[in-house]
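K.L.:
Protein chains in written order, with this note's numbering: chain A, 1 to 546; chain B, 1 to 255; chain C, 1 to 182; chain D, 1 to 175.
Each hint should be verified, as a subset may be incorrect.
Stated by the list, open to error - Result set (DSSO-like, lysine-lysine): computed pairs, CA atoms no more than 30 angstroms apart in a straight line:
# : chain 1 : residue 1 : chain 2 : residue 2
1 : D       : Lys61     : D       : Lys130
2 : A       : Lys186    : B       : Lys101
3 : A       : Lys392    : A       : Lys350
4 : A       : Lys60     : D       : Lys61
5 : D       : Lys87     : A       : Lys499
Said to hold, decoys possible - What the simulated footprint calls covered on chain A by chain D, stretch by stretch (three residues with Cβ under 8 angstroms from a Cβ of chain D suffice, anywhere in the stretch; the number is not a length):
# : region
6 : 194 to 203
7 : 281 to 293
I should point out that these hints are in silico values taken from the structure, not numbers from a laboratory. Note that the structure is a prediction, hence the values are computed from the model and not measured. Glycine residues also receive a C-beta, built at the ideal position from the N, C-alpha and C atoms.
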Amino acid sequence: MNIEDLHQIARIEKSKQEGFQHQIHVCVAAGCLSCGSGQLKEALEKEIARRGLDTWCRVKGVGCLGLCTAGPLLSLETAGIFYQGVKVSDVSDILEALGGAPVERLICPVNSAFFRRQVRIVLENCGRIDPERIEEYMAESGYGGLALAVSQMSPTEVIEEVSRSGLRGRGGAGFPTGLKWTSVAKASGLTKFVICNADEGDPGAFMDRSVLESDPHRVIEGMAIAGYATGASQGYIYVRAEYPLAVKRVRLALFQAERMGVLGNNIFNTSFSFNIKVRLGAGAFVCGEETALIASIEGRMGRPRPRPPFPAEFGLWEHPTLINNVETFANVPPLIRKGGRWFAGLGTEKSKGTKVFALAGKIMNTGLIEVPMGTSLRDIVFDIGGGIPRGKEFKAVQTGGPSGGCIPGQFLDMPVDYDSLAKVGSIMGSGGMIVMDESSCMVDVARFFMEFCMSESCGKCAPCRVGTRQIYDILCRITGNLSGPDDLAMLEDLCDLMKSTSLCGLGQSAPNPVLTTLRYFRDDYLSHIHDKRCLAGACKAAREVA
Amino acid sequence: MKIHPRKNVRSDLNPSRLLTFRIDERVVSAHEDESILSVARQNGISIPTLCHLDGLSERGACRLCIVEVKGVARLLPSCVTFPRQDMEIITASERVVSYRKKILELLFTERNHVCAVCVSNGHCELQNLAVELGISHVRYPYLYPRLAVDASHSRFSVDHNRCVLCLRCVRVCDEIEGAHTWDIMGRGITSRVITDLNQPWGSSETCTGCGKCVQVCPTGALSEKGKSVAEMIKRRQFLPYLQMMRGRQDESWPK
Amino acid sequence: MAKITLATIWLDSCSGCHMSFLDIDEFLIDLAGQVEILFSPLVDTKSFPDHVDVSLVEGAVGSESDREKVLTIRDRSGILVSFGDCAVTANVPGMRNRYPVADVLARAYAENACPAAAISRDTLFFQEVPALCPQARPVHEFVPVDIFLTGCPPPPEAILYLFSELLAGRRPNMNGRTRFGA
Amino acid sequence: MKDQGAPPEASVQVSSKSVEDRRLRLVNRTMQLYRNEAHALIETLHAVQESFGYLEEDVLKYVARTLRVPLSRVYAVATFYHSFSLKPPGEHTCVICMGTACYIGGSGAILDALREGEGIVSGETTSDGKVSLLVARCLGSCGLAPAGVFDGEVTGKLDSEHVLERIGRWRGHEH
């Protein structure tokens with residue numbers, strides 16, 4: 001394949017799509033599939049064929065439309081109409097309304113803040129293209145970034161463009177992507193690897209899953225560009241086995257990309273070659289840590305090892321290795337196509353671009369959103385998210401999963417970016433955002449996360465292995481109203497120990513949910529300890545005390 | 001079990017730089033590929049360790065050997081940290097010592113370490129560390145897990161109640177004996193050392209019965225049968241020698 | 001100089017620490033001149049005095065009655081010494097903590113009885129003796145402890161050192177004089 | 001020199017299995033795909049889990065020999081990762097999501113109800129062998145919290161009655 005071929009495929013695909021007067025997009029990402037969008041799509045196809053409408057109307061399975069709470073979702077691309085909660089019995093009404101007045105009772109307001117306030121870069125194709133057809137991705141300028149990079153830019157220029165964009169790792173810590181690529185490119189060695197971390201382990205996060213299910217080629221293209229820039233010719237996508245649909249679509253996408261020649265040898269008639277393999281995770285949160293992930297790809301237990309040496313010089317099979325997460329790679333193709341300066345124009349001074357969040361918990365609009373960095377928490381929760389259901393009071397928003405923290409109402413006007421979140425004791429994390437209302441006891445929430453860290457601790461270093469268990473026991477005693485006078489001091493003492501002495505990021509950040517709830521919701525703790533009462537009324541006394 | 005870059009073998013082809021730096025206010029010099037722990041010990045400065053053992057690969061896991069380095073906020077494990085020119089290392093600041101104590105106390109709570117009835121009483125590295133660090137009592141609640149004793153092997157026994165998961169047994173079996181009979185199952189607080197497919201040691205097909213694992217074990221977890229309280233004394237002088245012999249470059253002596 | 005008043009007690013333990021105390025031999029005579037024992041298994045007193053300067057508590061807290069005693073002692077003592085490994089770590093009494101109390105009693109008094117006793121499990125729960133707590137725990141988990149004297153038993157030299165420091169009005173530093181399991 | 005290619009006894013001891021057991025096909029294919037290299041261990045265990053439903057001890061031995069990985073290492077990997085199970089599963093499988101959104105949404109109460117109503121604890125199979133109950137860290141279906149999977153079918157917005165009812169049906173009794 002050369003660049004002309006790419007443009008040709010895009011042109012053909014475009015004109016084919018324009019041939020249809022109506023395109024009905026049915027969301028077939030995991031969320032809507034589990035409310036029956038698969039059957040809905042089938043019913044639509046059958047009915048269209050029965051009515052003989054198939055020459056001017058087409059049904060297309062697309063990736064996540066965002067508003068998971070209202071599934072199954074359906075969009076009429078040309079008319080710009082969204083239908084929500086669609087059932088098989090609605091099919092004939094929908095088809096009859098085509099071209100006329102929409103079906104009133106199914107309408108999902110598109111001009112609501114949920115849709116209006118989003119800026120989509122990573123999700124630009126989500127809900128618009130069929131993730132199982134490479135041609136549709138190409139019709140949206142897909143693989144154009146790779147073509148541009150390998151044919152007109154030197155590897156150094158690609159890295160310069162990435163550095164100029166100010167893109168930071170979207171996996172959690174926010175390490176500057178350009179810097180990471182530079183160190184891998186500079187590392188000595190002929191064999192290098194690129195790994196995409198799709199082991200999205202944070203409970204309450206589903207951004208990576210949605211991207212892989214809705215637009216897998218974007219990640220593949222990003223990895224290939226990274227391979228070109230760093231001098232790697234082999235890539236791995238390490239994806240959770242718990243995401244069967246994402247695995248299936250990634251495998252299909254890889255197959256198509258190889259067949260089309262955008263992966264393999266001599267890509268776009270250059271000397272650049274790049275291949276990608278899929279490796280399945282097996283249910284270990286700690287494998288999100290770089291060195292543990294590498295151990296897992298090598299077929300071993302995912303136990304982190306001390307760094308340095310960093311994977312950039314001593315990684316997979318001892319070779320220099322670049323590890324970025326799904327969303328980071330997904331940002332790369334548009335960044336190359338449109339330039340680093342364009343990307344740097346979005347977001348805040350130190351956090352550029354946009355961020356995808358998975359909104360969940362006690363919030364009206366649960367689902368997937370993408371907003372510019374620096375959007376305030378209030379805008380996200382109350383405007384885009386539609387606020388708290390059933391007239392309840394907002395209590396906290398949890399970001400960063402088990403490594404993050406609970407942010408109270410007083411910080412609602414804080415801009416969401418890496419540094420502001422760090423300042424209040426939380427982290428950006430991979431983008432899970434869980435909203436809690438007054439019915440959640442924050443000690444119980446801390447206990448929930450500590451239970452998670454305890455059972456996900458790899459057990460290698462003593463502070464994390466035993467510390468998580470001791471902290472969990474204390475939190476159980478507190479929620480069970482069985483705590484002693486010294487428990488609070490011991491809790492703080494152990495959190496400090498784990499933070500300072502654990503081997504890897506999991507152990508060092510595991511105390512964050514406890515520390516932030518202690519800082520902002522101390523009353524929840526004190527009420528349990530002194531009055532033997534749960535302020536939120538959420539904890540059953542003396543439950544599950546070890 | 002390769003978890004860390006192999007030490008470069010120094011030779012004329014691969015010279016290593018000699019560095020000068022400070023440990024506890026003392027000026028020392030060492031090669032760039034010698035760990036801070038090893039340099040400190042050569043200079044008579046003791047740093048407590050549990051998972052480290054001369055002659056085995058490093059794990060960096062017990063966290064007892066953490067030290068402070070001036071200008072670095074994080075505490076660094078000295079067994080896997082290498083010196084840099086003009087580095088200033090403090091091995092026993094108040095902060096570091098207090099963390100070491102807490103880690104050791106956590107280890108005491110994790111399993112059932114009843115020194116009074118232990119074969120290794122008086123010869124135990126865990127017990128000695130408690131004395132060295134001045135631990136008079138354990139502030140955290142003991143967890144009292146229910147763990148088994150496996151005495152199925154004809155000469156040795158393993159008592160999980162006394163295991164600190166240093167994994168010296170796993171490493172010596174893999175790296176020196178070459179059998180890899182031992183490994184570690186599960187994760188987190190439920191981790192446990194196993195032989196073969198988590199079967200009784202006595203039924204292991206791969207165990208050569210060499211007993212190296214018993215000798216390197218820092219506590220009474222692995223012991224020789226027939227030893228009563230305080231009678232188990234470990235001898236491991238063979239280790240550095242074996243490592244040298246097995247790691248040597250020219251595989252055979254001139255015959 | 002006024003004598004310091006002393007109480008000693010054993011809870012869930014073997015009394016070995018008290019034996020080690022007696023092993024300071026001739027120094028007992030010196031000590032007798034400077035210390036007045038108000039309450040101890042070694043003297044005949046029925047109830048704990050209102051105040052003592054120093055209390056040595058041997059043994060783990062293994063029953064509800066132990067717990068009450070330890071609370072009283074803390075209340076009425078100037079300096080409370082956790083005396084020996086059982087008090088400091090729960091030691092041997094703590095080895096039963098992994099098993100349910102009923103199983104422990106059955107094992108000790110029925111299964112291992114010699115000759116095999118025809119005792120059923122139910123009759124093992126006597127009314128006359130204090131019921132065991134689910135676990136035997138160290139003293140400092142119940143009350144603040146001032147001095148920890150480890151060892152099973154603590155060596156006589158360490159006990160002697162403890163007293164000589166206390167008598168000199170100093171807070172003894174036990175580091176290096178004894179250890180767990182000594 | 002002894003041939004190093006085929007591990008000794010491998011063919012003898014598992015011959016009965018490899019010839020007759022069709023379930024080994026997927027396992028063998030996976031190992032061949034990776035040229036029987038040790039790093040294929042996790043992928044191979046996935047294949048074993050998929051075709052046998054759990055990791056059978058004999059198969060673990062077979063995999064260890066073929067990939068030339070120590071037995072203890074195979075067991076270590078098999079128990080480190082939560083996707084693998086060493087016990088045969090029940091006829092039906094129910095997975096309850098305990099991700100943050102689902103927990104906030106009440107999945108803890110569902111587990112409590114299952115324990116009280118059906119006597120099942122997560123990670124275990126009912127004594128009649130009908131139902132295995134598992135807990136997932138996050139299904140990624142947070143928009144539908146609390147979510148669960150019943151024999152592979154993801155279902156959202158669960159409540160205790162609904163779950164008890166489905167499990168009761170599997171076990172052949174009503175609630």
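K.L.:
For every hint, state whether the structure bears it out.
P.N.:
Each hint, compared with the structure:
no.: 1; hint: Lys61(D) x Lys130(D); result: holds, 28 angstroms
no.: 2; hint: Lys186(A) x Lys101(B); result: violated, 42 angstroms
no.: 3; hint: Lys392(A) x Lys350(A); result: violated, 35 angstroms
no.: 4; hint: Lys60(A) x Lys61(D); result: violated, 47 angstroms
no.: 5; hint: Lys87(D) x Lys499(A); result: violated, 37 angstroms
no.: 6; hint: 194 to 203; result: holds (count 4)
no.: 7; hint: 281 to 293; result: holds (count 5)
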